[in-house]
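Participant: Protein chains in written order, with full-length UniProt numbering: chain Y, 1 to 670; chain X, 1 to 670; chain Z, 1 to 670.
It is possible that some hints are incorrect.
Identical copies carry no separate label here, and so any pair may be met within one copy or between two of them.
The calculated lysine to any residue pairs, modelled on SDA-like cross-linking and capped at a C-alpha distance of 25 Å, are [claimed, not checked]:
no.: 1; residue 1: LYS296; residue 2: SER446
no.: 2; residue 1: LYS254; residue 2: ARG168
no.: 3; residue 1: LYS133; residue 2: GLU152
no.: 4; residue 1: LYS58; residue 2: GLU178
no.: 5; residue 1: LYS58; residue 2: ASP197
no.: 6; residue 1: LYS133; residue 2: ARG240
no.: 7; residue 1: LYS254; residue 2: SER312
no.: 8; residue 1: LYS58; residue 2: ASN181
no.: 9; residue 1: LYS254; residue 2: GLN313
no.: 10; residue 1: LYS254; residue 2: TRP208
no.: 11; residue 1: LYS260; residue 2: PRO421
no.: 12; residue 1: LYS133; residue 2: TRP27
no.: 13; residue 1: LYS254; residue 2: ASN275
no.: 14; residue 1: LYS451; residue 2: GLU618
no.: 15; residue 1: LYS260; residue 2: SER163
no.: 16; residue 1: LYS254; residue 2: SER446
Read the hints as simulated data drawn from the structure, not as lab findings.
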Amino acid sequence: MDAFRNRIGGFAYGGDYNPEQWEPAVWREDVRLMREAGVNIVSLGVFAWASLEPEPGKYEFGWLDEIMDLLHENGISVNLATPTAAPPVWLTHLHPEVFPVMADGERFGFGNRLHYDPSSPIYREYAANITTKLAERYSFHPALAMWHISNEYGPTAYNEAASVNFRRWLQRRYGDLETLNEAWYTRFWSQSYTDWDQVEVPHIPRTWMNPARRLDFKRFTSDALLECYLAERDIVRSFRDDIPVLTNFMRFFKHADYWKWAPEEDAVALDIYPNPADADSHVSAAFQYDLFRSLKGGQPWLLMEQAASAVSQWQLNIVKEPGRMRLGSLQAVSRAADSVMFFQWRASRGGQERFHSAMLPHSGPDSRTFREIVDLGREMKLLAPVAGTTSRAEIAILFDWDGWWGLEETAGLPRQDLSYPDTVMRHYTPLWSNNHPVDVVSASSSLDGYKVLVVPNAYLIGDEGVRRITEFAENGGTVVMSFFSGVVDECNRVRPGGYPGAFRQLIGAKVDEYWPARPHEVFSVEFADGRRTTSTWWRDDLHLETGTALATYADGLLAGRAAVVENRFGAGRVVYFATLLEQAAFDAELLAAVSAAGVRSPFPQAPAHVECAVRGDEEHEYVFLLNHSGELDASVPFEGEGTDLLTGQAVSGAVELAPLGAAVIRRARS
Amino acid sequence: MDAFRNRIGGFAYGGDYNPEQWEPAVWREDVRLMREAGVNIVSLGVFAWASLEPEPGKYEFGWLDEIMDLLHENGISVNLATPTAAPPVWLTHLHPEVFPVMADGERFGFGNRLHYDPSSPIYREYAANITTKLAERYSFHPALAMWHISNEYGPTAYNEAASVNFRRWLQRRYGDLETLNEAWYTRFWSQSYTDWDQVEVPHIPRTWMNPARRLDFKRFTSDALLECYLAERDIVRSFRDDIPVLTNFMRFFKHADYWKWAPEEDAVALDIYPNPADADSHVSAAFQYDLFRSLKGGQPWLLMEQAASAVSQWQLNIVKEPGRMRLGSLQAVSRAADSVMFFQWRASRGGQERFHSAMLPHSGPDSRTFREIVDLGREMKLLAPVAGTTSRAEIAILFDWDGWWGLEETAGLPRQDLSYPDTVMRHYTPLWSNNHPVDVVSASSSLDGYKVLVVPNAYLIGDEGVRRITEFAENGGTVVMSFFSGVVDECNRVRPGGYPGAFRQLIGAKVDEYWPARPHEVFSVEFADGRRTTSTWWRDDLHLETGTALATYADGLLAGRAAVVENRFGAGRVVYFATLLEQAAFDAELLAAVSAAGVRSPFPQAPAHVECAVRGDEEHEYVFLLNHSGELDASVPFEGEGTDLLTGQAVSGAVELAPLGAAVIRRARS
Amino acid sequence: MDAFRNRIGGFAYGGDYNPEQWEPAVWREDVRLMREAGVNIVSLGVFAWASLEPEPGKYEFGWLDEIMDLLHENGISVNLATPTAAPPVWLTHLHPEVFPVMADGERFGFGNRLHYDPSSPIYREYAANITTKLAERYSFHPALAMWHISNEYGPTAYNEAASVNFRRWLQRRYGDLETLNEAWYTRFWSQSYTDWDQVEVPHIPRTWMNPARRLDFKRFTSDALLECYLAERDIVRSFRDDIPVLTNFMRFFKHADYWKWAPEEDAVALDIYPNPADADSHVSAAFQYDLFRSLKGGQPWLLMEQAASAVSQWQLNIVKEPGRMRLGSLQAVSRAADSVMFFQWRASRGGQERFHSAMLPHSGPDSRTFREIVDLGREMKLLAPVAGTTSRAEIAILFDWDGWWGLEETAGLPRQDLSYPDTVMRHYTPLWSNNHPVDVVSASSSLDGYKVLVVPNAYLIGDEGVRRITEFAENGGTVVMSFFSGVVDECNRVRPGGYPGAFRQLIGAKVDEYWPARPHEVFSVEFADGRRTTSTWWRDDLHLETGTALATYADGLLAGRAAVVENRFGAGRVVYFATLLEQAAFDAELLAAVSAAGVRSPFPQAPAHVECAVRGDEEHEYVFLLNHSGELDASVPFEGEGTDLLTGQAVSGAVELAPLGAAVIRRARS
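Kindly generate the complete structure, drawing on both the sequences and the hints.
Facilitator: Okay, here's the thing in structure tokens:
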């Protein structure tokens, strides 16, 4: 990626480019306007399979040759895509079994994208073939700077080929049927398997699905998609191995375990479309950016797709108001993005996304959007020194696909309405609000170097995760954990020994029973120091063992029982929330635990509407100050002296920001 | 139709009659009560296929002979139906492929009606056969007054036969695949076709459907149904061509383009079931009646089906309260209906619609409903001179199926929740409230003779429509147009040159971007004269060119931009609404534009709860005054002198109406 | 059942036991804890098919031998289940046609239970085979006390085999197609059948389904399930006929007509999971208990499954708070349950129901739940004299599956939102609140001995039911009936002669038309004595004949018409509600009718939060006093002298109950 960064000269700036939708005359205007906008890279060919291989085995590369040359002549690099996200109609017409079948047996029809069963050997063969042809032809083209493998891997399929592949996957995982039966607890409801051929993908059953089988199907689907990626990646690498290869991921995407994918990517890349109608979408965006920085251990990541303004896939598609696209782009950069890229360069006249905004919108260059694109392109150049730098935190938050699937995809819980992203955001938001740097970790991540580990409702966690968390506390770390954690093992079986089986020693308490709350039920909670708050939604019927109560219920049938527990564990400390505290009280407790662990916010005085983040290298820090308010000015205290890269002006004492204003201040490391 | 009117002696009065559900003894009671009620026509055999052809090729016409004769002897004419809306079970049992398949691949089962794929050659063959047999036998029966082809054409099907027919339809439309690919913009997402066999009806895709393909499928489905109609019509015409032939249409029916159907009908006929639970259902009924009068250029139309009281197909089926059935019938007549007919004559004891009200209800002749039927029958005779007359308006409103499909059936818009019927009614209602006569026009209609053209949110409009509207303004007409009009061409492709591509010159402004509003967002709008109002839901980010602002936003990020635009265009005037004004302000602006165009309401002083409408011929006008209030009396100023046909009394100065009262006043044309 | 009761020694106490999920070491701990808890019976093998017959024709009975012996050695009886509710995967893998197909054609996949088409001859053959093997081996095992045939019969299927069986069922019912066509009123919409092969189960049609066909399909499905039960029952009986045989029913289960099933059971058994989140769930539970006592004419019934605390199948699974499981168990006993049994003994570690509570929960014996189980086990022994006794009422309420299906499963009614269970509970609740004993009757039950018959909205009722109700009134009974009763015959055809065809003479009035109310519409109603109340939702347009008005509408278009009718009929009296009165007024009228019929509550002075019920034999009465309040004490007046079996203390004058407290007082019959 260093070579790539050097080639690009700092930040990558550009977007998806689909010249196959336009006449060559338009191409020349495109390139001219790209240069005007400071575009230095485009993603090419993402959905061009039908244009490249209009009939099986018949190729048309002439137009791509021409456009690659044209871009190269104009100094624009190419992120060349394998077009395999959108199989042409001839493929599915010849082989309808490639269409994904849903859990209820319905088969999709043609007319969209991602319409393939990832386990289909036919799909894989055709995909490998077009990938090989592209790699043969363009691996050494001078415009080529990166390989973009397929697009937004996502399909889930219940085809016969999926069953075959699922069996293979299960055989690798479990070896024999006896182990499978044990893992899936098939003696419940007479579900035992006696022959591998009996094992199928989980078509919709009469009512609910075996929770372990469902869980394994989620894991399998992620792995089946990953197999598709790896096959194409290995083909392009076989021609040349000094070009970065990756695919583009999505925000809060439940169906692929990106912790397993990230090691196979040269960099992780994110497509993100924060909803302007959602007032908090920049907070969940910040979490995604921290996650993506963490996926490869702090390595800068790529913002591969965002919208210049509105999208078109929702029921209501609000525009990004003036200044917000720039602010959102700088926010990504502040959390270690090394690119700002868009879907797409030029708005399509037709097709499903004809109203999706673009860098060059239907209203042409004389438009608000294009002016903002040009302005941002200019600023990205000013920020070039920031590229390649990163950051590291003392606080880690657990975000784990197994835990997500366990909570949301497997029925039969005390209540079914716990959203894993929501609970993660509930834990992340107070840290973000206080400008605490946060890393994201999986259940398999090393926890070395962290002072605080936040564990939001980790219902399902495997033995390795349990061991890592336990050792982290033993070795002096502070663990903040929420109720309904550590309940089942990685096969979705209740851990023996009383709830929470994995963490009874860690939290110093046993839960006799989980008590979900009735709708609208509110409980009084009293802290040891007499402060009062309320909680809702859930209570553990909890019996202290080594732990002590930080807060207890002041009313109800559990009056006097602990609502928040503190447990000294080894050299560390555990704070356990046994109920859903109201947000302000929860935030205060969480931040108190962070503070008690010796972690300080680098921006303790920043106004509430200003987000602050730092990335840097051994010499410099780059301080990003971002005013998210469209109405309020802000004055942000600033320690030391620096230079605002966007204005070139010296900064000390305080930074003044207009509404939606931003500063990126270079400061020497002290 | 003149011959038909003469035969009937004025208005047709009657309903669907299903003697096959009853014993012959009941038939004689039926005919006696029909005579008591003034019934002069019945629709016969609508769902009688199984009774006429109980096994393939085995016919039983005896019962129909008998009932035809009996009706004829009693002076009751017959509107004889081909029974093809309800294929018998032997047909679908022999040929299950006739059952319509839905977009998700599910095939309907037997037990309803309209259970056929209109493209099925098998269905068409059997339908032609029974039609031929009926025509052979009854074309010259003296009771025959009209042919009722099938019933409420409607099924949409995704069968294999539909794909075959769709391909044929597309070949006629586009000639070659290259043109099809261009029209469908298939280079987006790699959707290009290289062989006609690859083209299928649009089964449900992974997410959204190609918007041009979807649009063509809507057009095709309407045409496939029309082919079915034409085939049967041509058969009965081949036996005798002096009997009117038609089918019955439905209110706000989205799946058949009645502008294309109407020229193939000898008269258009409407089935309408205004919901008594909806306080405004008489307003949308009025619009339908104006539409139906307009479909054949002012020719009187037929009210073919309505309910005597409650229906039974909804979750909640409110009765028509005493007097409302009569008032609603007169309302239809006031807008050029030449018949008042019902589904059905006698309530069925069993079957799906056993609780659908009837002229003769389950409670028998000694019932409120039957008494009202008898009374209305008597009044219809008094109104006989009105039959055959019609009316014409100076205001036209655009109502177009292409535009409807574009807005509601093709995803990917800035917001998806615009209802075409709702916006049309929003524009129609103030005109109706002020008793303005209104004609309805399509994008292909001649606009000669109109002073005002109202264009509600015409998102999709073809070049011919654009040309007609533009010329109408150039030649001095007033165009009232709402936002998001003229955006795409007839292939659902964004028109180039900046929004709104078709009407940028016409409205004298360019829209940089469409700004849908957040939920509950309200904007202040200020008129040039200082009046204030609010708007919601949508704003254009609009830049005036030749236009001037009639009103501007007083707050928000678009403060100062135009919210309502006036543009002098040629000899005409355009008023363009760039946002959704609150209703009162919108109504006032719309009516001001009408007034400025020199159009006056013929009933400027009528109370708000009284609807006034006029039909007439060269000699006479017939003024209908209809009091929709169930509680308030009304005094309606009346110009000139006339005679109330319902009472025979002379009228001058003012007409007094009791609650739910009505007057129909004949006045000599001045 | 007497022999069973003697063997058990009073009440059966225990639950489902699934030792196949555990190692033998756990079995010994289980048996030890069962003895500690007073368990005297377990239901064994309910879902053990795969453990008993892991491959077709290969049996493994060793583990079951061992557990049967172990239980017997410890004095625990066995309710041995045929495992046929959960076919093993080898069965459906070999014969996928056994999977039930839904109305839309979707076929279920493997991974649950009840995944069989009850009409499948293949399923029936395999089920008969495993049943035979079990009966051969265990019919004379000393632990065997009862046969538990399959489990919760319920599947509905639209398979081809179901069509074959449906035709056979229809041939038995109707003999020939002409009669079928008449019954189904197939001349409506051309639905007549001319060949039996044309008759199929009602796959989803284009819109709504023929109401008589739908009704017959409901009847057929119940009967097809019953055939499965009978086949297995007859097998086990063929080995030994002195062991009770039964299956377990469900609460408010719409898909099986338990009136037809009950005669085939040696006792009826109920699985019931009242929702702790529903404050009234104990009232509908009381109704179920009265129904189950009535199903076999007063014979004590078995509470076969309940939860020790929370369940896990809902979105929100609230725990039973301390004391409520005991109180609910005593409530069942008070209404003639002869057992208190649970699903299940030991909580499963995995599978769909891993969080369903159990007698022995995940938290082990040191848990609130297990302590409550032990305490209740001790109390059940104290209550042993109560077992076998029962009770009888003077009030009967009609609850009939035909009526239920007619109202809820057949579309086309004046309104579709009438819930049959809700209306039944609306009529039952005031009787329950006043501690009136109530029996439940079907339309075929004898009404001898009752003074009052309550008929909630009996839309569909056959001639026999009409005759029984009419004779009951003629002979001096009081009938309380709600609107929309007696409308259609058992083929869902409107009864002729004006509404309500079956009961026009009985209620002394004719209904011209049914007037469902608009949402939020409220009507004033005035009683003859001047009291005022309101009604909503529905009004009959009713014309008195022999009846007189107890109350009339005071406003609206029906002002002056009767809202509540009294009709003297023969020696009896009928009170008819023509509208939905507000609850308090309805309750008062219903209770006034009960009082006027000479029926007195045995507990007129009990506090509102205390439920009182009596069961007894010729010598003793057992008075149950149950305080449902978790907060209030109660003092309950008590007539005569007795002994509280739970405390052994003498009682007279009044009984004091703590919150959630209970007393069971033995009193000599006077």
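Participant: State for each hint whether it applies.
Facilitator: Quick rundown of the hints versus the structure:
Proximity of LYS296 to SER446 under the C-alpha cut-off of 25 Å is restricted to the intra-copy arrangement: shortest distance 12 Å within a copy versus 66 Å between copies. When the C-alpha separation of LYS254 and ARG168 is checked against a cutoff of 25 Å, the pair qualifies only within one copy, where the shortest distance is 23 Å, while the shortest distance between copies is 43 Å. In this assembly of identical chains, LYS133 and GLU152 lie within 25 Å of each other by CA distance solely inside one copy; the values are 22 Å within and 55 Å between copies. Proximity of LYS58 to GLU178 under the C-alpha cut-off of 25 Å is restricted to the inter-copy arrangement: shortest distance 17 Å between copies versus 49 Å within a copy.
In this homomeric assembly, LYS58 and ASP197 come within 25 Å of each other (Cα to Cα) only across copies, at 18 Å, whereas the closest approach inside a single copy is 39 Å. In this assembly of identical chains, the alpha carbons of LYS133 and ARG240 lie at most 25 Å apart only when taken from the same copy (14 Å versus 67 Å across copies). For a Cα distance limit of 25 Å, the shortest separation of LYS254 from SER312 qualifies both inside one copy, at 22 Å, and across copies, at 24 Å. For the identical chains of this complex, LYS58 and ASN181 are inter-copy neighbours only, at 18 Å across copies versus 48 Å inside a copy, given an alpha-carbon limit of 25 Å.
In this homomeric assembly, LYS254 and GLN313 come within 25 Å of each other (Cα to Cα) both inside a single copy, at 19 Å, and across copies, at 24 Å. Proximity of LYS254 and TRP208 under a CA criterion of 25 Å is satisfied in both settings, with 20 Å inside one chain copy and 20 Å between copies. For a Cα distance limit of 25 Å, the shortest separation of LYS260 from PRO421 inside one copy, 19 Å, qualifies, whereas the shortest one across copies, 51 Å, does not. For the homomeric pair LYS133 and TRP27, the shortest alpha-carbon distance inside one copy (24 Å) is at most 25 Å, but the shortest distance between copies (64 Å) is not.
Proximity of LYS254 and ASN275 under a CA criterion of 25 Å is satisfied intra-copy only: 18 Å inside one chain copy versus 32 Å between copies. Taking the closest pair of Cα atoms, LYS451 and GLU618 come within 25 Å of each other only inside a single copy of the chain (22 Å); across copies the shortest separation is 76 Å, beyond that limit. When the C-alpha separation of LYS260 and SER163 is checked against a cutoff of 25 Å, the pair qualifies only within one copy, where the shortest distance is 22 Å, while the shortest distance between copies is 43 Å. Proximity of LYS254 and SER446 under a CA criterion of 25 Å is satisfied intra-copy only: 23 Å inside one chain copy versus 55 Å between copies.
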